[in-house]
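S.K.: Listed below, chain by chain, are the residues.
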Amino acid sequence: MSQKTEKLIDKKGLRLDGRKPDELRPIKMEVGILSNAEGSAYIEQGKNKILAAVFGPKEMHPKHLALPDRMVIRCRYHMAPFSVQERKSPSPSRREIELSKVIRESLEPTVFMEYYPRTGIDVFIEVLQADGSTRCASITAASVAMADAGIPMRDLVAACSAGKVDDTIILDLMDAEDKLGSADVPVALMPNHNAVTLLQMDGILTAEEFEKTVSLALEGCQKIYAMQKEALKTRYVSVKEVEE
Amino acid sequence: MPTFFERRQIVTPGDLIAEGDYITGENTYAEGNRIYASRIGIVEYDNKKINVVALRAFYIPRVGDIVIGTVVEVGFNGWTVYINAPYEALLRASEVLSRPFKPQKDELSQFLNVGDLVVAKISAYDRAHNPQLSVSEPGLGKITRGQIIKITSTKIPRVIGRKGSMVSMITQETGCQIILGLNGVILVTGKNPEDEELALMAIRKIEEESHISGLTDRVTQMLKEEKKGGKIKNESKN
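Those protein sequence lines, which keep their order, are chains U and A. Taking the working numbering, the leading residue of the first sequence gets 1, the next gets one more, and so forth. Taking the working numbering, the leading residue of the second sequence gets 245, the next gets one more, and so forth.
Excised from the complex, chain U in its bound form (with noise of 0.2 Å):
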């Protein structure tokens, strides 16, 4: 990345699509829009387009797989050969795989999973279109997913991404910025306990600049929380508004 065609922030402070810096992506949610799963969520963050469905519980197979003393939670993140550029073989690659833990890891947290033993859930994550940041909007729609499901939960989990490109640190990564910029921290957050349930980090950063990065992290996952409540109440709600 040593040749930048074009500037990541302009004169103005400005970033490539207008955002200032500390700025979330418009972000549109739904909730329960696949009939057939259980749970389900929709999420639209700038041009990521997600769609998280869940599962169960019910009895696990194959069997062995079953714990004794609490449920299993299995997790499948995928991308759609239409969701880049260049086409992306169906197959699940290294990357999804990696994501797909990290994705369970950041949501078991918040189950109660002690409650149903022998039993199992399944997410399934696909990204239709994919512009930076998914693993961030897959956590956020997925976990808005399983409340939507009905599973017993301690908290939801919000999730953003944060980071440093052109020496500034910058909110909420889009794609260009993520393979251009010199720092990617993705962040998932369990807002009620403030507890985080997942932090990586890509690049290079001071421990300075790793503090502010991550709070401005946090910051988004507030925000990105009450569009999770919003959302998932506003199911119930258009219900009573349509009679009264």
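One or more of the hints may lead you astray.
To be verified - Partial list, computed: chain U residues near chain A (C-beta under 7 Å):
| # | residue |
| --- | --- |
| 1 | 57 |
| 2 | 58 |
| 3 | 116 |
| 4 | 117 |
| 5 | 119 |
| 6 | 147 |
| 7 | 150 |
| 8 | 152 |
| 9 | 153 |
| 10 | 155 |
| 11 | 192 |
| 12 | 229 |
| 13 | 233 |
| 14 | 236 |
What the hints assert, rightly or not - Within a straight-line C-alpha distance of at most 25 Å, the following computed PhoX-like cross-link-like pairs (lysine-lysine) qualify:
| # | chain 1 | residue 1 | chain 2 | residue 2 |
| --- | --- | --- | --- | --- |
| 15 | A | 365 | U | 58 |
| 16 | A | 293 | U | 233 |
| 17 | U | 58 | A | 394 |
| 18 | A | 449 | U | 233 |
| 19 | A | 365 | A | 346 |
Said to hold, decoys possible - Every beta carbon over 10 Å from chain A, so not counted as near; a handful from chain U, in silico:
| # | residue |
| --- | --- |
| 20 | 30 |
| 21 | 82 |
| 22 | 126 |
| 23 | 202 |
| 24 | 203 |
By construction, these hints were calculated from the structure, which means they are not laboratory data. Keep in mind it's a predicted model, so treat the numbers as computed, not measured. C-beta: ideal position from N, C-alpha, C; glycine also.
Based on the hints, put chain A in the right spot on chain U.
M.R.: Just chain A now, with coordinates in the frame of chain U:
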């Protein structure tokens, strides 16, 4: 001892409902003296106890519940029954035969086969074992006629109504017998399909509008109107 939500307000998982000397009820959990919600639902206060009436939940078996299930497997000495829960239920052969089961003589699929529906009672269930079913009481056993409708199991109390007012009203208005499976499956048996369809319509309305007050009145009104409309249609045919 503040509470942060009013009665009948919607909460989402993780919302802090109250702080102080309260007791956790349904779909809530405590951390120290803070009470949080664990499902999407509506807050209800019952003295010191805090309940969240879940808008979305699945059925969890309880001993003594009447459920309606589908046979999914015929085994060596019993059947596996799907009861709309995370756990599959077992129905022992001797329960259905009401005499000791002889593997040499009895062919289990003659009594109940895959796909058959049964009304049964949960006789045993705990964390370590899958639920056991019993059909040894009157009214329980294989379903031979009627129609089945599935609704969210949390809405069964709404279909029952206060002291059974809703079910008895639907039964009276449509002349159908209604068996409620607490797992969210409802069996409706009437004299003719039209009556059954009317009862199903009422149940669907209850499921959709259960969180809006004045439900019984609206359902009664709908049934009366539908009945009138149906009669006019029938008369014009004659």
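S.K.: Looking back at the hints listed earlier, which ones does the structure fail to meet?
M.R.: No hint contradicted; all consistent.
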